[in-house]
Amino acid sequence: MNHEYSIVDVARGIGIAMVVFTVVAFAFIAPGDRTEPVPDGRREVVFWHFWGGSDRAVVEEIVNRFNASQTKHYVRAVAMPGANLDLKFFLSVTGGNPPDLLNQDDPVVADWAIRGALAPLDELASPEEIAALNTWLFPAARALGSFNGRLYALCNGLDVRALYYDRNVLEKIGREPPATVEALDALARRIAPPRNHGRRRHYGYVPDARRLWAWGTVFGGRFYDPRTGRITADSEPIVRALQWMASYSHLYGGDALLAFRQGDQALTGASFPLLEGRYAMIMDGQWRVREIEAAVESAAANGRTLPRIGVVPLPKSGDGPEDAGWVNGNFFVVPRGCKNPDGAWQFMKFWAGFGGNEAEAARACVAGGWIPASSAVVNQPAFQRYLQDHPDFATFVRLAASENQVPWPAIPVAQYYDDQLRVAVSKAMYQGADPRAVLEEATRNVQQRLDEVLQHEH
Amino acid sequence: MSRQHNSIDRRQLPTALLFVSPWLLGFAVLVLYPFIASLYWSFCRYDLLSDPEWIGLDNYRRLLDELLHGGRFAVALWNTAYFALVSVPLSMALGVMLAVMLSWNIRFRVLFRTVFFLPSVVPVVAASVLWLWLLDPRDGLANYALSWLGIAGPDWFKSPHVALWPVDWLRGTAGIGSKDALALMSAWGMGNFMLIYLAALQDVPRELYEAAELDGANRARRFWHITLPMLSPVIFFNLVMGLIQSVQAFTQVYIVSDGMGEPLGSLRVLSLHLFLTAFKELDMGYASAMAWVLFVLIVVSTALLFRSSRAWVYYAGGTR
Chain B
260 MNHEYSIVDV
270 ARGIGIAMVV
280 FTVVAFAFIA
290 PGDRTEPVPD
300 GRREVVFWHF
310 WGGSDRAVVE
320 EIVNRFNASQ
330 TKHYVRAVAM
340 PGANLDLKFF
350 LSVTGGNPPD
360 LLNQDDPVVA
370 DWAIRGALAP
380 LDELASPEEI
390 AALNTWLFPA
400 ARALGSFNGR
410 LYALCNGLDV
420 RALYYDRNVL
430 EKIGREPPAT
440 VEALDALARR
450 IAPPRNHGRR
460 RHYGYVPDAR
470 RLWAWGTVFG
480 GRFYDPRTGR
490 ITADSEPIVR
500 ALQWMASYSH
510 LYGGDALLAF
520 RQGDQALTGA
530 SFPLLEGRYA
540 MIMDGQWRVR
550 EIEAAVESAA
560 ANGRTLPRIG
570 VVPLPKSGDG
580 PEDAGWVNGN
590 FFVVPRGCKN
600 PDGAWQFMKF
610 WAGFGGNEAE
620 AARACVAGGW
630 IPASSAVVNQ
640 PAFQRYLQDH
650 PDFATFVRLA
660 ASENQVPWPA
670 IPVAQYYDDQ
680 LRVAVSKAMY
690 QGADPRAVLE
700 EATRNVQQRL
710 DEVLQHEH
Chain A
1072 MSRQHNSIDR
1082 RQLPTALLFV
1092 SPWLLGFAVL
1102 VLYPFIASLY
1112 WSFCRYDLLS
1122 DPEWIGLDNY
1132 RRLLDELLHG
1142 GRFAVALWNT
1152 AYFALVSVPL
1162 SMALGVMLAV
1172 MLSWNIRFRV
1182 LFRTVFFLPS
1192 VVPVVAASVL
1202 WLWLLDPRDG
1212 LANYALSWLG
1222 IAGPDWFKSP
1232 HVALWPVDWL
1242 RGTAGIGSKD
1252 ALALMSAWGM
1262 GNFMLIYLAA
1272 LQDVPRELYE
1282 AAELDGANRA
1292 RRFWHITLPM
1302 LSPVIFFNLV
1312 MGLIQSVQAF
1322 TQVYIVSDGM
1332 GEPLGSLRVL
1342 SLHLFLTAFK
1352 ELDMGYASAM
1362 AWVLFVLIVV
1372 STALLFRSSR
1382 AWVYYAGGTR
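These protein sequence lines map, in sequence, to chains B and A. In this text, residue positions in the first sequence follow the numbering used here: the first is 260, and each later residue adds one. In this text, residue positions in the second sequence follow the numbering used here: the first is 1072, and each later residue adds one.
It is worth saying that the hints were derived from the structure and are not from the lab. Predicted, not measured: the structure shown is a model, and the values here were computed from it. Every residue gets a Cβ at the ideal spot worked out from N, C-alpha and C, and that includes glycine. Be aware that one or more of the hints could be misleading.
Some chain B residues near chain A, calculated using beta-carbon distances under 8 Å [as the list claims (entries may be wrong)]:
id: 1; residue: Leu517
id: 2; residue: Tyr675
id: 3; residue: His715
Start from the sequences and build out the full structure, keeping to the hints where you can.
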């Protein structure tokens, strides 16, 4: 037989060979499933979270203990960067392949719930369990997971803020930590008297522009009225809180404060601004207790001493409520349409300690330095011992039980609300804008967006 | 002859398609589909989690409203425009200047060329973090160096002010701020531009310089009357590319602004505003409309540049 191949035939042959080669190569190169196989007879629970560092080990330990206790389910934990976890979640929901369980800490519950992305917990548990859960949780933990009177998320740990202070600085001037906002002002002025020149390296106290949520509550305000469905960021107590925050800019200058504050919160461990002596007092969360202890220990090992730090509740404002402040936390949500909601529910209960797992949960909270979502876990002997050994941490735990620790409002557009408030506070604090005017503007914007979303979803 | 040619072309078409199929597939899935889908979504209310709902031109009306009333879109547009208008000319001027200097016959020329090109191969993330440290108002090296000269350094990335806006000069509120710092950071990475200028400089005929020298032209006149016109096609190319890159800048802005366009929204450029609107505020329809406005802006700016190029770009080969 006489075969004659043209250039075109040869090129076609090469093309086909290349495509076949590429497909085969990808088949071999593509990583296979390198994770442990799910044990026979058990169903997988895919769990997404964002914990890293020392927390990662605690999470893995909880997962291992749960898996060891189970004959039906098997949790596979997938750690991913927290900054855009929500973005990955949306894509997975849109793509029809969401995880079975997701941990979050942003104000997203209502936003996701109203769009039907979350399974309400009453679809996973019996009415008796839900009733028991509602009384089992701290008020703040219950509020964090609720929307329209239903639980959509189970809080697994609260983040509470208090006032850290440098004991050395206060002892040196013979003052006690402030119990009132007026005392805080006086101390701040005493430690860093206002002057008009030069870049400061130390302040007594400077309010954080992201924390009107906390100070608004301290001044007796609420950011949303569930009875009327109105945004109330322009109510009198919150305006007074912002006027007070902005008063620090009048003292020290908006530009100077803005430059000084930027990036403070990203600094961890030994870079905690209080340990660096940049402030004498600062508002921050309970996780700093452990970071400070580690930094002090490390400094001591290197022959250095760090400032001695103490913690008190946020100061009280006039006739404002006691032990008030802003609280958020971590919570589990179960995406609607996931493959194993029952497994997700069993794991959530195990982690949070609900339904007989309180002792296990207490051990996990001790290991992670976390605040439990329920007094039933706090009262466990292991946790009580931890509190005795860490009195500063105990301050936060006591605050967690307070009715006056208030989270973000459980409404859709809460993230937008947060953004609008931050803009308003920044304008008032750093650009000299009128606090009432900027809060009125933010209130209008958020109300309009909220009405649009509610109207659309209904 | 022509018919035979067409016949061969047709026979070769499947082969050609087979060869380009990996690219075609990628293009269709990763570019064409999002392109068309985003156009559709820009006319919808779409929150990523539920189905898109057609709302006509509402998103575009909202954009116009924000633009006219100084809303967040207007601020993002201003931030983007300022950054582009400062960073592109700065990078280009620096690039031309360095390329000309590095084309001179000086000692350690190769070393200098390497040193100036090096920043453009540093990953954006690493460069951004480096500049954050360098320009820290309190502890950064830049302000430390300035303090030696008795100058109180600016607040750089931690200030919302701008240095080059005449209105702020009159108000007395001008100052070096976050957008200026970002433009400075971009100029640092102009090595790619410089390399293209350097290559183009090698192509300028020596006899032009010799003729000019014979006519008594000094170095400055030779630069103005020979170098610049001969470089103008690559200047034009770099201008178009630089403009597109600066309008699309995202990674470095995200890093230096805490992912939120801080301080005071002064770094909330269009690309970041679009990202936050779509994925943090679940407003994908509105964000898609924004993306299309951004696209049209880039197309119009590029078209205007092409139009203006007739007046200032010189092609030695005579082709435009």
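Which hint numbers does the structure go against, in order from smallest to largest?
none
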